[in-house]
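2 protein chains.
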Amino acid sequence: MPPTHPLNQEVSLSVIKTACSNCNLRELCLPLGLSLEELERLDDLVSTRRRVKRGDHLYRAGEGFDSIYAIRSGFFKTDVLLEDGRDQVTGFQMAGELLGLDGISTEHHTCNAIALEDSEVCAIPFSRLEVLSREIHTLQHHFHKVMSREIVRDHGVMMLLGTMRAEERLAAFLLNLSQRFTSRGFSHAEFYLRMTREEIGSYLGLKLETVSRAFSKFQEEGHIAVQQKHIRILNVSGLKALMNHQR
Amino acid sequence: MPPTHPLNQEVSLSVIKTACSNCNLRELCLPLGLSLEELERLDDLVSTRRRVKRGDHLYRAGEGFDSIYAIRSGFFKTDVLLEDGRDQVTGFQMAGELLGLDGISTEHHTCNAIALEDSEVCAIPFSRLEVLSREIHTLQHHFHKVMSREIVRDHGVMMLLGTMRAEERLAAFLLNLSQRFTSRGFSHAEFYLRMTREEIGSYLGLKLETVSRAFSKFQEEGHIAVQQKHIRILNVSGLKALMNHQR
DNA sequence: TTCTGTGGTTGACATGGATCAAGCCAACGC
DNA sequence: GCGTTGGCTTGATCCATGTCAACCACAGAA
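Line by line, the protein sequences give chains A and B. Going by the numbering used here, the first residue of the first sequence is number 15, and it counts up by one from there. Going by the numbering used here, the first residue of the second sequence is number 15, and it counts up by one from there.
Incorrect hints may have been included.
DSSO-like, lysine-lysine: derived pairs with alpha carbons at most 27 Å apart [said to hold, decoys possible]:
hint : chain 1 : residue 1 : chain 2 : residue 2
1    : B       : Lys243    : B       : Lys221
2    : A       : Lys254    : B       : Lys221
3    : B       : Lys221    : A       : Lys221
4    : B       : Lys254    : A       : Lys221
5    : A       : Lys221    : A       : Lys243
6    : A       : Lys243    : A       : Lys254
7    : A       : Lys231    : A       : Lys243
8    : B       : Lys159    : A       : Lys159
9    : A       : Lys67     : A       : Lys243
10   : A       : Lys254    : A       : Lys221
11   : B       : Lys243    : B       : Lys67
12   : B       : Lys231    : B       : Lys254
Bear in mind the hints are in silico, worked out from the structure with no lab data behind them. Here the structure is a predicted model, which means the values were calculated and not measured.
Can you build the whole structure from these sequences, using the hints too?
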């Protein structure tokens, strides 16, 4: 229960007020391409914020679905659990990306979404999004594009899991992270991993030892500098070349 | 160029007339849940049929996107090509399923769709589908569900590629095919594979020899009977058990 | 400071599936 | 008929990655 101190209330109101129209992620996120007036209509919809502490679930597989979530800050993973106890990380999501699209299909979430650092998301009630996207064509079209992009991304992961060897997978993973950090205005060459080696391995279909060895190898070869979770990419084209070392 | 013989024209017109409202796939396909009147409006949109001969492309990666396709009859595969020449089958599609959703994201197709037997598809101009789905809420919602289902399916494949061993993958694949044939009113226990061992292997991230060996093993163990592309499933629960033989 | 737990690294060894190679089978053209 | 071709099967061998195990590094608690 948050304090109702007048100052706090004012702050929280002003935060709500700045929803999408003032969010510096709007070019990466759902509002892409909307006019100012349209943005304000979207603001009405995206009024609920939710903080998720590191390690907490945003939602769990099996829970009823009613909202998708836009990540305002922080970092998430999604994972799927098989009946026999095996699980796999299906993705890592960062600011500006959407979570929960998998739940539309059955009205239930089909994976877990877990914060890898303290995070904040905007909840977007899905039925209201459908109503609004009937009225704002740009929003409708962009939402379709976002869903489609997710399908294309998944095909890329399938490709990676189906045809690449361990080092190629890790190189592809690092280049992908780097590219996503870049488009958020961060350094493309230096970043902190929010996930463990085990989580990377799960995502890439590898064991954590294999991931660790590949990191070491990349470092020996001068492609990257690794210190725990701190990564510096020294040689982008070297990594790209590694990705094509076909078997 | 089709002949313009009056009789032919009449036939083709009557075929067009029967579009969605009379199609026996409508409960599996886009029209699911629409009223009769809504169905007729969808018919207007889905007026173009296209025959695709075995081995021909329905579309190619890189081509401009303007329509999605509903499979009326036949069988397709989609595959993705990497710059370095590697490729992977990303899915097999059968009657009632949609093709082309990947193209929405960039307005270009990102994979190839190839008929594995002589097939027929209904082309659905995407921008007109967006217009209509603004007016028919059921259509809008169902389309979203279909896209979401594709994402969930892809997660399943990622799971398969990331955590399962060869025999588990093939067992999962056969059970999935069986289930899809069943929901189309065909035998769940007996069917013809439309794809080669190599294509199955590509989809499952295995070499064709491994696929072949797994088929032989399943046969020895009495789970299935294989004769070339003809498969009979003798022991469903045996196959299901195989899927959980964790490593 | 030490203790404890979590995550990471590295080595030695095992193994599942890839690779290479030979041969089989069914369909098709001549 | 016979030869050819594409797809499939099977065997022998190899190797990338998994497995098991020891140890290290750092963070937080006592």
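Hints numbered earlier in the text: which of these fail when held up against the supplied structure? Of the numbered hints given earlier, the structure breaks none, since each of them holds.
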